[in-house]
Amino acid sequence: DAKTTQPTSMDCAEGRAANLPCNHSTISGNEYVYWYRQIHSQGPQYIIHGLKNNETNEMASLIITEDRKSSTLILPHATLRDTAVYYCIVAGTYKYIFGTGTRLKVLA
Amino acid sequence: DVKVTQSSRYLVKRTGEKVFLECVQDMDHENMFWYRQDPGLGLRLIYFSYDVKMKEKGDIPEGYSVSREKKERFSLILESASTNQTSMYLCASAPDRLGLKQPQHFGDGTRLSIL
Numbered sequence: 001d002a003k004t005t006q007p008t009s010m011d012c013a014e015g016r017a018a019n020l021p022c023n024h025s026t027i028s029g030n031e032y033v034y035w036y037r038q039i040h041s042q043g044p045q046y047i048i049h050g051l052k053n054n055e056t057n058e059m060a061s062l063i064i065t066e067d068r069k070s071s072t073l074i075l076p077h078a079t080l081r082d083t084a085v086y087y088c089i090v091a092g093t094y095k096y097i098f099g100t101g102t103r104l105k106v107l108a
Numbered sequence: 001d002v003k004v005t006q007s008s009r010y011l012v013k014r015t016g017e018k019v020f021l022e023c024v025q026d027m028d029h030e031n032m033f034w035y036r037q038d039p040g041l042g043l044r045l046i047y048f049s050y051d052v053k054m055k056e057k058g059d060i061p062e063g064y065s066v067s068r069e070k071k072e073r074f075s076l077i078l079e080s081a082s083t084n085q086t087s088m089y090l091c092a093s094a095p096d097r098l099g100l101k102q103p104q105h106f107g108d109g110t111r112l113s114i115l
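Just so you know, the sequences run in chain order B and F.
Note that this note's numbering numbers the first sequence so that position 7 is 7, with each residue one more than the last.
Note that this note's numbering numbers the second sequence so that position 82 is 82, with each residue one more than the last.
The following block holds chain B by itself, in its conformation from the complex (with noise of 0.2 Å):
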């Protein structure tokens, strides 16, 4: 399975858009983007997954570039409690990877 590089972390302010990104250079064609995000204390809450297309879901937004070697998870409208570590995750089989992340820390 391919790896990811994110940044270690990012801040945004409250109510503001929060742009994640994702490098995936070597990702295979069967291979999906997955996002997760772990609060303090609880395990991996999923976020929203594509191939090819962006998605959108009531949590968030995920746009992939056309030759598909990264990506941008959008928070539209960034909250305290947004504020979690944030994962990447390339996958074509069950073996995720969990690098380290991006820390969020939405501002007030």
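These aren't lab readings, by the way, just hints derived from the structure by calculation.
Hints may contain errors.
[What the hints assert, rightly or not] Listed below are the simulated DSBU-like cross-link pairs for lysine-lysine, each with C-alpha atoms no more than 30 Å apart in a straight line:
1. K3(F) <-> K3(B)
2. K3(B) <-> K101(F)
3. K70(F) <-> K57(F)
Guided by the hints, dock chain F onto chain B, whose structure is given.
Frame of chain B; chain F shown alone:
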């Protein structure tokens, strides 16, 4: 919503004890997984199961075994607990065997301390 329930949030055991961690999911998922999470190492897959009574080793199976007697329940067993097994243990389930089209859903974890 998918519900994955782990029997204990916190557990303290002694070296050499046999430890059972239980996980139950309510969505009739075929696949269930056990991970451990350690600072700086991320989540690592211990075992997974794609059907009742079926199991496969993950990346770090040594010192662990699993049991899946019923579809909804997946147990992780530490045969003889050691201090290096102190960790956060996370259970997950997913409907799709290859995990391609549907995501894994995680429980809230069991923080296990071995003294």
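Hint-by-hint comparison with the structure:
no., hint, verdict
1, K3(F) <-> K3(B), "holds (28 Å)"
2, K3(B) <-> K101(F), "holds (19 Å)"
3, K70(F) <-> K57(F), "holds (19 Å)"
The structure shown violates none of the earlier numbered hints.
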